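Numbering (UniProt numbering), first residue to last: 1 to 199.
Calculated directly from the structure, the hints in this document are not laboratory data. Please read all numbers here as calculations on a predicted model, not as lab measurements. Cβ atoms here follow ideal geometry from the backbone N, Cα and C, with glycine treated the same way. There could be a bad hint or two in this list.
Using C-beta positions, here's what the derived DEER-type ranges look like [unchecked claim]:
(1) W184 with L33: 39 to 49 Å
(2) L71 with I158: 15 to 25 Å
(3) W184 with N91: 38 to 48 Å
(4) K61 with V18: 18 to 28 Å
(5) K90 with G56: 40 to 50 Å
Taking lysine-lysine pairs in the BS3-like style, the calculated list, with each CA pair at most 27 Å apart, reads [stated by the list, open to error]:
(6) K188 with K116
(7) K113 with K172
(8) K188 with K126
(9) K190 with K54
(10) K172 with K126
(11) K116 with K61
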Amino acid sequence: MKTIPYILIAVRLILAPVILSLAWFKGEESKFLILILMYFGLLTDIFDGIIARKVGVSSEKLRRMDSQVDLIFWLSLGFAAYFLNPELIKNEWYGILLIFVMEALCYIISLWKFGKETCTHAFLSKMWGLSLLIAFTYLIGFQQAGWAFYLTIILGFISHIDVILIVLILPKWQYDVPSSYHAWKIRKGKIVKKTVFFN
Numbered sequence: 001m002k003t004i005p006y007i008l009i010a011v012r013l014i015l016a017p018v019i020l021s022l023a024w025f026k027g028e029e030s031k032f033l034i035l036i037l038m039y040f041g042l043l044t045d046i047f048d049g050i051i052a053r054k055v056g057v058s059s060e061k062l063r064r065m066d067s068q069v070d071l072i073f074w075l076s077l078g079f080a081a082y083f084l085n086p087e088l089i090k091n092e093w094y095g096i097l098l099i100f101v102m103e104a105l106c107y108i109i110s111l112w113k114f115g116k117e118t119c120t121h122a123f124l125s126k127m128w129g130l131s132l133l134i135a136f137t138y139l140i141g142f143q144q145a146g147w148a149f150y151l152t153i154i155l156g157f158i159s160h161i162d163v164i165l166i167v168l169i170l171p172k173w174q175y176d177v178p179s180s181y182h183a184w185k186i187r188k189g190k191i192v193k194k195t196v197f198f199n
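Could you build the full structure based on these sequences and the hints that come with them?
Structural data, given as structure tokens:
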């Protein structure tokens with residue numbers, strides 16, 4: 001049982017090149033299979049955290065691994081969406097660039113302050129992850145951007161601001177910090193135990 005969370009993370013990592021290959025080689029005929037793999041990947045992301053806590057292996061190493069694999073997994077879906085709908089993605093380049101800049105800032109600030117990448121698993125980041133799921137469903141499955149895409153950009157911007165604030169407020173590097181408010185409480189010594197959400 002203690003190896004299952006690692007297996008689930010590894011499965012999500014393997015899904016990334018599979019999704020890219022399907023989009024590149026099979027094109028539009030693979031879009032629904034890619035969507036199935038995306039939803040399956042989300043399930044592995046939800047259950048790796050739940051199982052890890054149940055069996056007592058939710059460590060810094062596991063959580064950092066989970067965060068980096070999440071980044072690779074979602075990036076693979078972003079590139080898949082581009083392979084399938086290049087014109088649609090090019091038309092929305094400004095929003096996508098904003099998210100890339102915000103993601104880079106999170107890493108740069110965390111590496112500058114702590115010498116480690118971010119690993120907050122914050123609540124707003126989870127909400128953004130769900131909005132990504134909806135946006136990619138529209139982009140890949142129905143070749144549409146619309147409200148789902150713009151909601152994702154807005155939530156992405158807000159969630160990255162929250163992560164940057166968490167990093168700036170925390171006195172020392174820590175994983176699983178639900179929000180900048182919790183980071184402030186940790187700084188003030190008002191929280192000793194981590195608050196854990198659904199992943």
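Query - Broken hints, by number - result: No numbers; nothing is violated.
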